[in-house]
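Residue numbers (the working numbering), protein chains in the order written: chain A, 1 to 303; chain B, 304 to 894.
Please keep in mind that the hints were generated in silico from the structure rather than gathered at the bench. Possibly wrong hints are sitting among the right ones.
[Stated by the list, open to error] Straight line, CA to CA, 30 Å or less: simulated DSBU-like cross-link-like pairs of lysine-lysine:
no.	chain 1	residue 1	chain 2	residue 2
1	A	Lys-144	B	Lys-560
2	A	Lys-144	B	Lys-633
3	B	Lys-602	B	Lys-688
4	B	Lys-627	A	Lys-144
5	B	Lys-436	A	Lys-53
6	A	Lys-53	B	Lys-707
7	B	Lys-633	A	Lys-174
8	A	Lys-144	B	Lys-565
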Amino acid sequence: MAGGKPFFKQNEIPLHLMLLPGLLLTFIFGYLPLAGLTVAFQRFIPARGLFGKQPWVGLYNFELIFSMPNTPNVIRNTVVIAFGKIVLGLLIPIIVTLLLNELGSNKAKRTIQTIIYFPYFISWIVFAALLLDLLSPSTGLVNKFTGFFGFEPIFFLGDNRYFQGTMIITDVIKSFGYGTVVYMAAITGIDPNLYEAAEIDGAGRWRQTLHITLPGLQMVIVLMMVLSLGNVLNAGFDQIFNMYNSYVYETGDIIDTMMYRLGIVEAMYGPSTAMGFLKSIVSLVFISTSYYIAYKLFDYRIF
Amino acid sequence: MKKSLMLLPFFLVLVIGTVFAGGGQQSSAQAVKETAAPKLYQSNFTPSGTAANEYKDKINDFTANFIKSFTDRGEASKITGYDTPVKISISYPDSAAMQTSFAAWKALYGESPNMNRYLDVYKRAFNIDVSVKFTSTDYDQQLRLNMAANDLPDIFPVTSRNDLFELANAGVIQDIGGLRQKYSSQIVEKLWSDTASSSPLLDLATFDGKLYALPQTWPVTDPLSYLWIRSDWLKALNLQPPKTMDDLVKVIDAFTKADFDKNGINDTIGIGFQKNIASHNFRGLFSGFYTYPEYWINKNGSLIWGGTDENNKRALAYMSDLYKRGYIDKEFISYNDSDMYEAFLNGKCGIMYSWHGGVLSLMDLHSKDPKADFIAVPLPSVDGKTAASPITPFTVGYTVVNSKFANPEIAYKMFNLFVFLYEGKNGSWWGFNPPPGGNNANGMSAFARIYSPWLNYDAFESLTKSYKANWDRSLIDAAADLYLGPMQDSQTGWAWNQMLSPERTSTAFHRLKEIVDGKTYFYDAFLGIPSTYMQDRWQAILTEQQVIFTKIITGDLDVNTGFDSWIRSYNSLGGERITKEVNDWYKGQKK
Numbered sequence: 001m002a003g004g005k006p007f008f009k010q011n012e013i014p015l016h017l018m019l020l021p022g023l024l025l026t027f028i029f030g031y032l033p034l035a036g037l038t039v040a041f042q043r044f045i046p047a048r049g050l051f052g053k054q055p056w057v058g059l060y061n062f063e064l065i066f067s068m069p070n071t072p073n074v075i076r077n078t079v080v081i082a083f084g085k086i087v088l089g090l091l092i093p094i095i096v097t098l099l100l101n102e103l104g105s106n107k108a109k110r111t112i113q114t115i116i117y118f119p120y121f122i123s124w125i126v127f128a129a130l131l132l133d134l135l136s137p138s139t140g141l142v143n144k145f146t147g148f149f150g151f152e153p154i155f156f157l158g159d160n161r162y163f164q165g166t167m168i169i170t171d172v173i174k175s176f177g178y179g180t181v182v183y184m185a186a187i188t189g190i191d192p193n194l195y196e197a198a199e200i201d202g203a204g205r206w207r208q209t210l211h212i213t214l215p216g217l218q219m220v221i222v223l224m225m226v227l228s229l230g231n232v233l234n235a236g237f238d239q240i241f242n243m244y245n246s247y248v249y250e251t252g253d254i255i256d257t258m259m260y261r262l263g264i265v266e267a268m269y270g271p272s273t274a275m276g277f278l279k280s281i282v283s284l285v286f287i288s289t290s291y292y293i294a295y296k297l298f299d300y301r302i303f
Numbered sequence: 304m305k306k307s308l309m310l311l312p313f314f315l316v317l318v319i320g321t322v323f324a325g326g327g328q329q330s331s332a333q334a335v336k337e338t339a340a341p342k343l344y345q346s347n348f349t350p351s352g353t354a355a356n357e358y359k360d361k362i363n364d365f366t367a368n369f370i371k372s373f374t375d376r377g378e379a380s381k382i383t384g385y386d387t388p389v390k391i392s393i394s395y396p397d398s399a400a401m402q403t404s405f406a407a408w409k410a411l412y413g414e415s416p417n418m419n420r421y422l423d424v425y426k427r428a429f430n431i432d433v434s435v436k437f438t439s440t441d442y443d444q445q446l447r448l449n450m451a452a453n454d455l456p457d458i459f460p461v462t463s464r465n466d467l468f469e470l471a472n473a474g475v476i477q478d479i480g481g482l483r484q485k486y487s488s489q490i491v492e493k494l495w496s497d498t499a500s501s502s503p504l505l506d507l508a509t510f511d512g513k514l515y516a517l518p519q520t521w522p523v524t525d526p527l528s529y530l531w532i533r534s535d536w537l538k539a540l541n542l543q544p545p546k547t548m549d550d551l552v553k554v555i556d557a558f559t560k561a562d563f564d565k566n567g568i569n570d571t572i573g574i575g576f577q578k579n580i581a582s583h584n585f586r587g588l589f590s591g592f593y594t595y596p597e598y599w600i601n602k603n604g605s606l607i608w609g610g611t612d613e614n615n616k617r618a619l620a621y622m623s624d625l626y627k628r629g630y631i632d633k634e635f636i637s638y639n640d641s642d643m644y645e646a647f648l649n650g651k652c653g654i655m656y657s658w659h660g661g662v663l664s665l666m667d668l669h670s671k672d673p674k675a676d677f678i679a680v681p682l683p684s685v686d687g688k689t690a691a692s693p694i695t696p697f698t699v700g701y702t703v704v705n706s707k708f709a710n711p712e713i714a715y716k717m718f719n720l721f722v723f724l725y726e727g728k729n730g731s732w733w734g735f736n737p738p739p740g741g742n743n744a745n746g747m748s749a750f751a752r753i754y755s756p757w758l759n760y761d762a763f764e765s766l767t768k769s770y771k772a773n774w775d776r777s778l779i780d781a782a783a784d785l786y787l788g789p790m791q792d793s794q795t796g797w798a799w800n801q802m803l804s805p806e807r808t809s810t811a812f813h814r815l816k817e818i819v820d821g822k823t824y825f826y827d828a829f830l831g832i833p834s835t836y837m838q839d840r841w842q843a844i845l846t847e848q849q850v851i852f853t854k855i856i857t858g859d860l861d862v863n864t865g866f867d868s869w870i871r872s873y874n875s876l877g878g879e880r881i882t883k884e885v886n887d888w889y890k891g892q893k894k
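Isolated chain B, as found in the complex:
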């Protein structure tokens, strides 16, 4: 008895050790041979539910066209399958919206996270059995845990570039650049090279000349910030949309004095802000002063951090003045987006800077005040000229392949198939089609998906053409189809039409088209890999900027002394050396 009890601790260590060690098993590392020509395979998924027939139709359409489409382009070898089934584990980010969607798709087609249209079609096209290793709403954190436990899936998305770099450095993911020539199809290459002249997207995934990931592009126009104004208020006061920053103050002033909610109290807020200065909510205003505090900018041939640009002082003085005159809610420093929207929904505020979807958050206003109407006007600027808008080469993630996985070419094949589906005639069903409150269907293939960087622009072009031809349905492409559904819906139509209807004249997408056509946008100038020195200090610098800028706006700090102290902190926190590193990178690029 005595001895056995003393052995207990050892036994415990043994048990715990086994539990920990058990997690690290990997799938076999034996490469499976691909067939000579593409062919279709059987899938054992049978759709059930109220719309099972629709599902079958879409699959039939896929089987009829898939191989033909690639063969016609002479790319049959890029979509070949495997006679021996290949087992693949994947992971992807989850969200509440995604779970709502799956509840709806379960009822319609019998789909689930473990078996759905994408996993079904990957099986039919390539004979691969995809199993979901994990999904998580805190995906980045979960992934880092799996990284530490050395328990990664075969093909998975990484959302942060730092994680990508660390995975590559640790040798956990493989260089797949060598396969690009052989397996990447034209339709995918087109999307990667579309963003800008030097195709920075692939550069973002390249380290030491090796391509470690397939970038998942997303519309590059999403970071654009617009000025949203209640047009019914403008009309009521007989005002024109502001062209200069001074005009904007006049409009703000008129709105606050008009007391549109007629409660007799001076409680109208001039312009809506929330606490985060590095956001759409401030970006447009800073742009109006030709300053870009969230980006690296090129000034006189060298790069500087936009936050340290002297021009910020003018923008900050402007906001500080608005705050002092009571046009900004005193509580904005503690507001989230939803707190800020409250004033709009109660008819107490009618101006904000926001992205193109900003108006979608104000949907409830329509039922409270049917006359309410928002327009997105061209960004006013300090001198009335057009202010350029900053954008980033936008990726939602990078698809990477585990070093232990022996068939890395499958990642390319999945991308080829995904783009085929999204550009096909059922593109909306495959990629978009969100159920109410849910996520887009492409979320099911979040480990391998890619969209055109100009998706918003193209969709608007297609809708405009169709509208001019009396809403000719045949002119609506897959991208435009995504938007048409919610625009025609009675619940969501009000907000979506204000976002992009070609029937109107001043929607966010009209502005987007102006910016893209007029080329009044520019890319973040620094796309290098942050050094460890920068990684360790950058966040502290950003926090300092946020704190000091906020204090200048609220008048806690004087503009000049406050800004000077910010520049001092920037340099003492390592900004000086970081700026030098960034410029060294920049010089290396120019060669």
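Isolated chain A (complex conformation):
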């Protein structure tokens, strides 16, 4: 406000008012709960109230979670599963989009797109139930099919060798349709004149894809990547919670499921909050870095 510059331009006020509900919700759900982070440093006793006299325990809760036998696994699983999902979740939709783009018939293109988009709308609880049936080693379709070729049945959800891969692939199956819709939209935005010019210059389909389509998609790809890196420590609570069991804790337990069990099931609020706090800090570092890289390499900025 220094220098007599008005705080708002008169005609901007309605716009600012429209922004208000969103800001308000962010404040209530995003900033107010930050006060609860104090629980990470307390031995929290609900009976004494959220802001009551709780005993402070310093870093005890952090020490406790790191003394738990599965914590190193949990952190590794989270990163592995999340990275797998980010990488495949970027690659598969791009490849499928490029392939779809080569299809001549518009009708076929739309039909396929609708079909692969559909699982995105099914909730994980339903999709997980379907998968439990499909992936069963004794009665599941997948193992019946591979058994047809003489393979031994694989217990995808009960074998530590296969669990992480199963999580990554099923997640990609569920969500890659969404990615293709975004990339398809970006492709329609590319100037058709470029293709015509390339054709005249003698470029085939492959050259056109490499030198026109992909560069045309570049900004969207970077955008999707930066957005997905924000989820680097979200390995997918809904999915894993509905599909794991104590036998695959070693490879399947992630930060979110561990937090859930600690906080909601076992009522250990301090350690659970400490875990969440840790996750937030690591996520912050990851997001900042990825944003910085995107800015340096592709000159990409959100603001």
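Since the structure of chain A is already known, use the hints to place chain B on it.
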């Protein structure tokens, strides 16, 4: 304009603050004086619905007998009312079954969660207006939220002992031990002292010599695990029920080879298991090897955690062998109870360890295969002798009184009234009588209820007596009446008869009676309050045990090396210090 907009954040904080602060109001803390002698009051609830007259009959029966019953015992002062109405807020756990029940009771009597037979009768007896502060299907979590917001009802149940301890520690609930002498009636005291020699039930609710809650007992025999076997399959193969663990393997083997579903595929599962090892589903098998991995046991004068007992190795080796030979479903590690029952319902499995209600989950089998028939046989053991079964002093909850509530004696009075109703001639209507798919009627008084710890045993005795006297109805007591209804029902009769009919010879309740009469049961040895050290680590230890035991069964880990690594984890996760703490407590008890 400018300034007013800048004030907005402050305004928001104000609004939110008021909303948060508004929740914490409490009812007035002024004690209401009780009358000198008990008397009855008017209630403004009028039953409506198809069975309103039945409701009136039961209430009339109550008004005719209530005061007389207590006066005859010289306990009139324990049920006195209040001339000025007392307002009480309560809370209790809800469930889908409870909602089904309320839909049925609404049609029959016009009852609802906010006005029903119990709230009606508490009003008539004591002139108290009970209002429901909250009910929840996730009751423990909801209660902890209310605890944190300091917004608790006047009288409410707590289901976990840790919560009870924390409430007491925070001074939010009051010591009601001083009122026990004056207000607790003989019929309630009898139930509390019935469980075992040293009445551990009240001990469970006592901290630092102060009684903070009225324990809600439940049948102590519920944790017993039985071996259920398809008797029609046994007969078809001309086999005897197994007496030793080796016999059991032979029966399992014969069942899997017999291909009873005649589909020509070798797909019969030997014995049914689900994933949770700390359950009825494994308890009986471990008992057969004299090992109890879910309990603290007394070994050579000191307490050890049952999971660390060397005997577990024999049980685990046994199961590992069953798994290797293909008698256990490879998918059991991801199974819930209902997944496990699937094989039974499809006629692909005929043996399981389960509690007495296990067979009730198999009701649909009867329509698919009318010949199907289950018996509960005595637990086989490794040497053919009788294996002892572990049980816990069982409470479904603790009724506690808010420190701010000025008439704490009302909790005792509610218990007195509840037991009077349940032991009276309409006990079944007041306490049980579930509509199809619904919960028992005592759920309406879940904030103040108590049953005999030997309910199952007593009911079976009563039914047996009645059966021997040609089903003489007069010998059926309230507890037995609960079971008689579903036994005679055409839909549920098949399973319920297999659970407890005295006409049969090998039901779960026959086994239950053997165990109780022969005293081949023992209580969990540790009833102390877990230290914070133990609370913080115990769950991780239990999870580790579950994981390692499962891996030993599936052969991922060798029995000896696997068990050794479990013992190492147990100690490094804090088990060593916890065992020491538990033994310190135990030594303190012996004095």
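For this session: State the violated hints by number, sorted upward, taking the hints as numbered earlier in the document.
Result: Those not satisfied: there are none.
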